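Chemist: Spelled out, the chains give:
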Amino acid sequence: MELLAVIIGIGIKSIIFIIGMFLLAAYLTLVERKFAGHVQQRPGPLHVGFHGLLQPIADALKVLTKEDIVPNFVDKYLFYLASLMAFVPAIMILAVIPFGEPITIFGYEVKPYISDVNVGLILALAFGSISIYGVIFAGWASNSKYPMIGGLRKAAVLIGYEVALGFALVGPIMLAGTFSLREIVEAQQGFFGAFIWYQPLAFVVFLFSILAETGRTPFDVQEAEAELVAGYNTEYSGMKFGLFPLAEWYIATFVLSAMAVILFFGGWNGPHIFGAVSPYIWFMLKLFLVFMFLLWVHWTLPRYRVDQITEIAWKVMLPLTFLNIFITAGIIIIKG
Amino acid sequence: MPWIKKEKAEKLKEHFPSIKINQYKDNISVEIEKEKLKEFLSFLKENPEYQFKMFIDFSCVDYPLSNPRFQGVYILYSPQYKERIIIKTWATNEELPTITDLWKGAKWAEREAYDMFGIKFQGHENLVRMFMWENYPYYPLRKDFPKEGIKNTYLPSLNEPENSYPSHDYDPYHTAIPTLQDLEVTQKTRMPEKKAQIVLNWGPLHPGTHGTIWFIFDLEGETVKNCEIILGQLHRGIEKLSEDITYTQVIPYTDRMDYISAICSNVAYVNAVEKLLDVPVPEKAKWIRTMLCELQRINSHLLWLGTFALDLGALTIFLYTFREREKIMDIIEGIAGIRLNSTYMRIGGVRMDLPQGAIDVIKHFIKDFPSKLKEYEDILTKNRIWLRRNIGLGIITEEDVYSYGITGVVARGSGVPYDIRFTDPTDAYDKVDFEIPLGTQGDCYDRYLVRMEEMRQSLEIVKQCIEKLEKLKDDKYLATDNPYVLPTLEETFNSIEAMVKDFNLRIYGEQAPEGEIYSSGENPRGELGFYIINKGEGKPYRLRIRSGAFYNLQIFPELIIGRTVADAVVLLGSLDPVVGETDR
Chain A
1 MELLAVIIGI GIKSIIFIIG MFLLAAYLTL VERKFAGHVQ QRPGPLHVGF HGLLQPIADA
61 LKVLTKEDIV PNFVDKYLFY LASLMAFVPA IMILAVIPFG EPITIFGYEV KPYISDVNVG
121 LILALAFGSI SIYGVIFAGW ASNSKYPMIG GLRKAAVLIG YEVALGFALV GPIMLAGTFS
181 LREIVEAQQG FFGAFIWYQP LAFVVFLFSI LAETGRTPFD VQEAEAELVA GYNTEYSGMK
241 FGLFPLAEWY IATFVLSAMA VILFFGGWNG PHIFGAVSPY IWFMLKLFLV FMFLLWVHWT
301 LPRYRVDQIT EIAWKVMLPL TFLNIFITAG IIIIKG
Chain B
337 MPWIKKEKAE KLKEHFPSIK INQYKDNISV EIEKEKLKEF LSFLKENPEY QFKMFIDFSC
397 VDYPLSNPRF QGVYILYSPQ YKERIIIKTW ATNEELPTIT DLWKGAKWAE REAYDMFGIK
457 FQGHENLVRM FMWENYPYYP LRKDFPKEGI KNTYLPSLNE PENSYPSHDY DPYHTAIPTL
517 QDLEVTQKTR MPEKKAQIVL NWGPLHPGTH GTIWFIFDLE GETVKNCEII LGQLHRGIEK
577 LSEDITYTQV IPYTDRMDYI SAICSNVAYV NAVEKLLDVP VPEKAKWIRT MLCELQRINS
637 HLLWLGTFAL DLGALTIFLY TFREREKIMD IIEGIAGIRL NSTYMRIGGV RMDLPQGAID
697 VIKHFIKDFP SKLKEYEDIL TKNRIWLRRN IGLGIITEED VYSYGITGVV ARGSGVPYDI
757 RFTDPTDAYD KVDFEIPLGT QGDCYDRYLV RMEEMRQSLE IVKQCIEKLE KLKDDKYLAT
817 DNPYVLPTLE ETFNSIEAMV KDFNLRIYGE QAPEGEIYSS GENPRGELGF YIINKGEGKP
877 YRLRIRSGAF YNLQIFPELI IGRTVADAVV LLGSLDPVVG ETDR
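Going down the list, the sequences are from chains A and B. Under my numbering, read the first sequence as residues 1 to 336, first letter to last. Under my numbering, read the second sequence as residues 337 to 920, first letter to last.
None of these hints come from the bench; they were simulated from the model. Since we're looking at a predicted model, the values are computed, not measured. It is possible that part of the hints are untrue.
Claimed, not checked - Mimicking DSSO-like on lysine-lysine, the simulated pairs with C-alpha atoms at most 27 Å apart in a straight line are:
id, chain 1, residue 1, chain 2, residue 2
1, B, K356, A, K145
2, B, K389, B, K347
3, B, K718, A, K315
4, B, K341, B, K424
5, A, K145, B, K524
6, B, K389, B, K356
7, B, K531, A, K145
What the hints assert, rightly or not - Ranges of calculated distance between the beta carbons of each label pair, as one might list FRET restraints:
id, chain 1, residue 1, chain 2, residue 2, range
8, A, W197, B, D696, 53 to 59 Å
9, B, E826, A, L61, 42 to 48 Å
10, B, D714, A, H272, 39 to 45 Å
11, B, K530, A, V117, 51 to 57 Å
12, A, V163, B, K530, 32 to 38 Å
C-beta atoms are modelled at their ideal positions from N, C-alpha and C, and glycine is treated no differently.
Isolated chain A (complex conformation) (with noise of 0.2 Å):
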C-alpha cells in the first residue's frame, strides 16, 4: 500500500513537472526572442498579447496544427524516434534535480523534486548521454546529405564536451563528497561557501560545456545555417521539428543552467529575505541568471568551425579539467 502511494505521489509529481517544463520552455522561447530582439535593437514579439505574451501559446498551435510531412526516402522508425530520444531524456533529468528543501503543506512533507538518489549527478550526465542519440539518429534517419553532416557533427561535439563536462563535474564533487544533488547544494552554505569560488575552472569548462551541449554559437555548428541549412533536422516539419529546438535550446539548457546553480551557485542557497519562498526565489533568479548569460553569448559571437570545437575540447577543456581535478584533490589532501 504504501509503495503504491509512493507510485502516485511521484506520478502526479512527474506530471506536474512535465506540463510545468513545456509551459515554461514555450515561455523560455518568448524570453529569448524578446532578448534577442532587444540585443538587436528591435522588439521582439509584440502583437500577440501584451508585448508578445501569447506569443508561445500562438506558435504552439502553429506547429502542432502544421501538416507533418515524412520524405519517401527516410527510415521511418528511426525518423519518428529520432525526435523522441531527442527530447524525452532532456525532460528526464529533471528528475533528479531539486528545486529546493522539502515544505510542510497542509501536514504532508512535500518534496520540490521527484527524487533523490544518491548518484542524481551521474543519472543526469547519463540522460544528458542518450539524448545525443536523438541527434545522430535524427541524421541518420533522414538520409539526406546535410541532416548526415550535421549529425555526425553534432556528435564529433558532443564526444569531446561529455568527457570534459564528466571530468569538469568531479571537483564539485569532490568538495561536497557526494554524487547527490541536494547534499551538494547543502554542502554550500554562506555566500562564500558556493563552490565557484572554489571551481572557478571546473566553472568555465562546464560552461563551454553547456554551449556545445546545447547546440548554442559558439557551438552551433550542428545546425549552422550557412552551411548546412539547418543541419540534422531539415528534414523534419511539424511538433517534430519543433521537438528538437525545445529540447535542445529550451528544456536542456534550462536543466543544465539548473545543474550549474547546484553545483556551483549554491543552489537554492541565500538570505532568507522573501519569506517561505525566498528558496525557489533564490534558485530561479541564479538560474534565470545563468540563462540569461548563455543567450547574451549565443546572440553575440560568430561560431567556431567544427574541427576547432573539437580540438579545444581534447587540448584545452580535457587538461584543465585534469589540472582542476589535481589542484582540488592536493588541497584537500593538504587540508586534510
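Since chain A is already given, all that's left is putting chain B on it; use the hints.
Modeler: Below, chain B alone, put in the same frame as chain A:
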C-alpha cells in the same frame, strides 16, 4: 590615362610586323592574326618593357557578314606601367587557341565565349557551357539567334491556364527550357569524375550561397576534394538584351546586375557611354555621382559585413549593419526616388537635382557613422573566434591576382594596389583625397580589414563631396545642350525643340559615329568594365560587361580544395560575389 601610348604600341611592330594598331579616343587596340596570337600574348606578358601581366577580360564579337565571322577581344593590364591594351584576333574556323596556360582567369571567359558564340578553344581543359545548360541548341549572342522565340516551345505559366489568352501582350512562347535530364547532364559535364565519398549539391538555393550559385562539392568527410561552380541561374542575357535598345534604356539593366550597388554600376556604364558619345558632364553631376557612389559603396560593404558575419554565426551584427544600411537606403531613396534599383544616372548627368535637405541628412549620417563602425569593429576585429575562422583562409597571392584577373577589394586584400578610382579616375575621383587600404597576407581577414577601412575612406570622400556640393548649389546637373542627352521633363513640356529631341532620342537612340570603347568603374565587387562597340545605329552593336564578381569567384574552387565546408562559407563571403553580376 591607363592606356598604352600610341608610340609605345608602334614599337611592337619591331617584333611583330604584321600587327595593325588602331586608336579610338585613348583606347589602343592591336589586331593580330590567330597563328601569332599566343606568341604575341606571351611576349606582352613576359617582355620587361610591356609586362601586361594582369588579365582583365576576354570576349567575342559577332560580325555575321564578314569572314571569318567572330573576333576575339582580349584586354590586358600592365601593373608595372599602369597601362591597358586591347588585342583583337579573328577566329578562323570558329576556333581560337586557349590562353588558360597564360592566364588562369581566361578559363571561365573562354567557356562563356563558347557558350554564347560557339567558338571552340583548342586546348581548353573542360570546354563546357558557362551559363546555359548542356544540350541548349543555340548560341545566344550570335546575331542570328531567334530572338522572337520558338513557336513550338511553350513557356508554362504558373497562374494562367494553358490555352487561355495571356494577360501580357507578348507571346507565351520561348526558346528552349531545360528538362531535368538536361540539368543532370549539365551537372555531370561540369564535374566529370567523382573523386571522394559524397557529392554535395550546395545550392542553387542555399542560405550560404548569397544568391543562386550552384556549387558541387566532392567531399571526403567534410573536406572538399573537388569543387565546381555552376552559374547561370540568374542569367538574363543583359548583353543580348542591350543590343536592341538605346543607350539610355540600358541603364536600368545595369541596376539589376549588381543590385547591391546599383548606383556604382550605373555610373560605370554611363561613364563608358559618355566617353563613347563625347558627352561632357556638368561639374555638379560629377560630384553627385562620386558622392552617391561612395555612399553606395558603404551600403554595399555594410550588407557584405552583415551577411558575412551571419554566415559565421554572428547573428546580431547583421541587424546592426542593416540599421545603418537603412539610413543610406533612405538617403538614396530621398535623392533618387527609388531605394534599390535607382536608375538615377543619365547620360550627361543625373536624373534630378539633389532635393532640399539631402545634404543635411548626409551630413548627419557622416557624423553618426564612425561610432557605429567602431561598434562593429569592437565586436569582430579582435574577436578570437573571428580571427580563428578568418586568418590563413583563402590566401590569394599577387600572382593569383594577375593570373585570375582579380580586382576590387579581393585584389587589394592581397596587396595589389589596383583601384580604378585611382588608376583611371572618372567623375570627381581625381579631385578628392583618399587612401587605398591594402592587405598584406591576402587571406579572408585581410579582405575584412580592407573593407572596413574602405568604408572609412568612402566616408572621407563623401565629406569632401558635401563640401564641394554646397558651393555648387545652383549649377546644372544635366548637360541638356548636348545632342545625345535627354532633356529634362520640364524642358520637354515647355519647348518644342526639346520635345522633338526627346522623341528622336527615345525612338532612334543616340546615333553617334562609329567607335568602340572600354571603360570601367570601381564597383564594390571589383572592376566593372563596359566594352561597347557602336555602329551608329543608336544602340550598342555589342555591349560586353566585364564583371568583377565573375572573375573574383573563379578562384574559389582552387582555394577551397582541401578545406572544409565550413570554410567554404567564409571564403565565399569574403570574395563577396553578387550573382546578378556574375551571371548578368
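Chemist: Run every hint past the structure and note whether it holds.
Modeler: Evaluated hints:
1. B:K356 <-> A:K145: Measuring from Cα to Cα gives roughly 57 Å; hence the hint is violated.
2. B:K389 <-> B:K347: holds (18 Å)
3. B:K718 <-> A:K315: holds (22 Å)
4. B:K341 <-> B:K424: Holds, at about 17 Å.
5. A:K145 <-> B:K524: Given that 27 Å is the threshold and the Cα spacing comes to 19 Å, the pair holds.
6. B:K389 <-> B:K356: holds (22 Å)
7. B:K531 <-> A:K145: Satisfied, since the Cα-Cα distance of roughly 17 Å is no more than 27 Å.
8. A:W197 <-> B:D696: 53 to 59 Å: For W197 (chain A) and D696 (chain B) the Cβ distance comes to about 56 Å; the hint holds.
9. B:E826 <-> A:L61: 42 to 48 Å: Roughly 58 Å apart at Cβ, these two residues miss the hinted range, so it is violated.
10. B:D714 <-> A:H272: 39 to 45 Å: holds (42 Å)
11. B:K530 <-> A:V117: 51 to 57 Å: This hint holds: roughly 53 Å between Cβ atoms.
12. A:V163 <-> B:K530: 32 to 38 Å: Because 36 Å falls inside the window, the suggested range holds.
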